[in-house]
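A.B. asks: Letter by letter, the chains look like this.
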Amino acid sequence: MSALGMPTDMFLVFLGTLVAGSLGTVHFVVVHVVMGKPIDENIREDPHTVTDGGDDDV
Amino acid sequence: MSDLGAVALQMGAGGDVNPFYLGTFVVYLVLVLAIGAWGYRKTDDVSDFWVYGKELGPTLATWSYVANFVSAVSVIGFIGSVYGNGYSVVTGIIFGLMLGVSGLYFVVHKVRELNHVTFPDLIAELTGYEMARPITGTVLLANAWVYLIMQLVGAGLLVTVITGVPYEYMIWVIGGVFILYTVMGGLVSVAWTDLIQGTLMVGTVAVALGYMAIDLGGVASINQQFATLESAYVAPLGGGTYTALGVVASIIAFFGTIFTSQSTIVRINATDSIRTAKIHLAAGGLILSVFYIMLVMLGAGTTVGLSEAGLAVDNVDRAFPVLITEYVPTTIGTVIIVAILSGILSTTDTRLHACGVTVSRDIYDYFTDGEAGDRKLMRVSRVSTVVLGIAATGAAVNPPGTIIGLYNWRAILLTSALLIPVYVTLYARDTAGKGVLLSIVLGATLGPGWQALGEPMGVPATFVGVSMAILGLGVGHYAWEGGREASAGAAVSDD
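Chains A and B, in that order, give the protein sequences. If you're matching positions, the first sequence starts at 1 in the numbering used here and goes up one per residue. If you're matching positions, the second sequence starts at 1 in the numbering used here and goes up one per residue.
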């Protein structure tokens with residue numbers, strides 16, 4: 001038994017799960033908070049999707 | 001009748017009504033309805049109803065995401081799974097889900113910048129074909145409806161055990177209340193109830209784990225006793241629950257569901273900025289990974305506690321409800337019940353809402369050639385929410401499978417059909433639209449189809465579905481390359 005009373009391989013799976021879920025947080029904090037890189041807010045005003053307008057045989 | 005249905009009815013037949021638990025449940029339902037009525041007054045147009053007017057801020061978006069994420073599968077299915085098979089659920093399901101949340105964080109700007117409402121909107125643009133709406137909408141509707149059944153079954157099982165009110169009655173009470181408030185307030189009421197339910201749920205699961213840890217001598221002691229009961233409980237593959245191939249397939253399937261859920265895409269498009277879209281996934285991933293670690297440890301505590309008290313259960317889905325009613329004091333049990341109901345019902349409303357949006361915007365609007373006005377679309381959203389909600393409640397009376405079984409089925413469907421064609425095309429915008437549609441159809445039919453055949457030769461259904469989607473995309477792109485002109489030039493960013 002190792003940390004938290006479970007075998008090492010199982011503990012590593014728990015640790016890996018925590019790391020997997022935290023990757024976004026780590027990236028956001030390091031890149032956008034600590035390094036100050038701005039987020040590119042390029043959301044379109046109007047989602048002017050150009051499709052066939054309901055006509056399937058384009 | 002399915003095993004689960006038989007168990008549900010059996011549970012409902014012999015229970016005594018507990019006034020504390022029943023009172024808690026009634027107060028909870030009244031509060032939820034009040035928020036629905038408030039949301040109705042705040043909903044001015046179809047944009048409010050579908051995507052909160054695209055004004056969701058970081059806090060509301062994060063907790064709404066967390067609350068939507070934690071479902072009947074989490075609180076009853078996962079604890080039941082730990083009770084039956086130990087911690088292998090972390091390896092096979094939770095790891096893939098958490099990796100998916102972080103993965104979506106890194107690509108979410110590509111979705112949000114296109115500024116659509118639903119997933120089929122996005123796919124219609126990527127393919128250049130309006131036909132993509134009903135095709136994708138049908139896949140998403142199947143997923144949302146099955147998810148809805150799962151939630152209603154979980155809620156019904158739980159509330160039946162804790163209140164003593166028979167399952168066949170309770171399921172209609174739960175279904176009715178949630179249909180009513182979702183229909184009234186749309187995403188406005190869904191988001192605000194999610195905020196309350198999400199924070200409540202995470203906090204109270206921590207309290208419940210704390211209680212069990214104190215009662216059983218600490219977390220390390222719980223794990224040691226858990227391993228003593230069965231050494232396979234603390235083995236990453238569950239001592240045979242998963243094969244190496246099976247666990248990889250399962251991780252891919254659940255990783256993919258994060259990218260391909262209609263409710264997730266709708267919520268991303270409801271955020272007020274790309275920054276908020278990123279924050280809600282970054283913070284949500286952290287909160288959820290901590291939450292799930294606590295939850296599975298609570299599952300181990302439940303297993304140890306029930307074993308010590310001689311309260312073994314035959315159906316694993318009953319483990320946690322029995323712990324609440326038979327093991328912990330009523331006051332603690334009441335707190336835990338509020339948390340669990342919050343988890344289940346906040347997911348139920350979101351899926352119900354997603355069903356209505358999918359029918360009206362992605363299917364009805366296509367077949368009326370986009371001529372329906374906003375008021376008409378909102379009415380179709382509401383009517384379809386009611387109809388699909390009632391149908392799901394009816395199906396939940398005698399459910400078609402176990403909660404985890406249904407959960408796996410829709411993961412295979414979503415990931416097989418949508419993960420590869422959509423996200424490859426999001427980055428490779430010159431992919432042939434017909435190739436994308438071929439890929440979606442092949443993945444949607446062959447993934448779940450292979451599973452229905454019992455996964456011949458031991459090949460996991462996810463592998464078959466995803467492989468066929470890749471093949472369809474490659475062959476389709478080669479066959480129809482150069483035939484698209486509709487969505488060219490629609491790309492916004494090139495990173």
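A couple of the hints might just be wrong.
[What the hints assert, rightly or not] Just some of the chain B residues that point at chain A, by a computed CB distance under 7 Å:
no., residue
1, Val90
2, Phe95
3, Leu99
4, Glu113
5, Val219
6, Leu281
7, Ala282
8, Ser289
9, Leu311
10, Asn315
[Claimed, not checked] Calculated cross-link-like contacts (lysine to aspartate or glutamate; reagent style EDC-like; alpha-carbon spacing at most 16 Å):
no., chain 1, residue 1, chain 2, residue 2
11, B, Lys110, A, Glu45
12, B, Lys110, B, Asp272
13, B, Lys434, B, Asp369
14, B, Lys54, B, Asp272
15, B, Lys110, A, Asp40
16, B, Lys110, A, Asp9
17, B, Lys54, A, Glu41
18, B, Lys54, A, Glu45
19, B, Lys54, B, Glu113
It should be emphasised that the hints constitute simulated quantities derived from the structure, not laboratory data. The beta-carbon is built from N, C-alpha and C at its ideal position, and this holds for glycine as well.
A.B. asks: Would you mind marking each hint as holding or not holding in the structure?
C.D. replies: Hints versus structure:
For B:Val90, the interface hint holds, the least distance from its beta-carbon to any beta-carbon of chain A being 6 Å, beneath 7 Å. With its C-beta approaching chain A no nearer than about 5 Å, B:Phe95 sits inside the 7 Å limit, and its interface hint holds. Of the supplied interface hints, the one on B:Leu99 holds, with its beta-carbon coming within about 4 Å of a beta-carbon of chain A, less than 7 Å. Given the 7 Å rule on beta carbons, the hint for B:Glu113 holds: about 5 Å separates it from the nearest Cβ of chain A.
At about 6 Å, the closest approach between the beta carbon of B:Val219 and any beta carbon in chain A falls short of 7 Å, and the interface hint on this residue holds. Below 7 Å, beta-carbon pairs count as interface contacts, and B:Leu281 has one with chain A at about 5 Å; its hint therefore holds. A hinted interface residue such as B:Ala282 counts as satisfied when its beta carbon comes closer than 7 Å to some beta carbon of chain A; here the least separation is about 4 Å, so the hint holds. For B:Ser289, the shortest C-beta to C-beta distance to chain A is roughly 3 Å, which falls under 7 Å, so the interface hint holds.
Interface restraint check: B:Leu311 against chain A, minimum CB-CB distance 22 Å, threshold 7 Å, status violated. The interface hint given for B:Asn315 is broken, as the beta carbon of that residue sits about 26 Å from the closest beta carbon of chain A, more than 7 Å. For a cut-off of 16 Å, the pair hint linking B:Lys110 to A:Glu45 stands: about 15 Å separates their Cα positions. For the hint linking B:Lys110 to B:Asp272, the alpha-carbon distance of about 15 Å falls within 16 Å, and the restraint holds.
Using a Cα cut-off of 16 Å, the hinted pair B:Lys434 and B:Asp369 is violated, with the two alpha carbons roughly 20 Å apart. Only pairs whose Cα atoms come within 16 Å are accepted, and B:Lys54 paired with B:Asp272 is accepted, the gap being roughly 5 Å. For a cut-off of 16 Å, the pair hint linking B:Lys110 to A:Asp40 stands: about 11 Å separates their Cα positions. A threshold of 16 Å between alpha carbons decides the hint, and for B:Lys110 with A:Asp9 the separation of about 36 Å lies outside it, so the pair is violated.
Distance check on the hinted pair: B:Lys54 and A:Glu41 sit about 14 Å apart at the alpha-carbon level, within 16 Å; holds. With a C-alpha separation of about 12 Å, the suggested pairing of B:Lys54 with A:Glu45 holds against the 16 Å cut-off. For the proposed pair B:Lys54 and B:Glu113, the alpha carbon gap of about 12 Å is at most 16 Å, so the pair holds.
Hint violations for this structure: numbers 9, 10, 13 and 16, all remaining hints satisfied.
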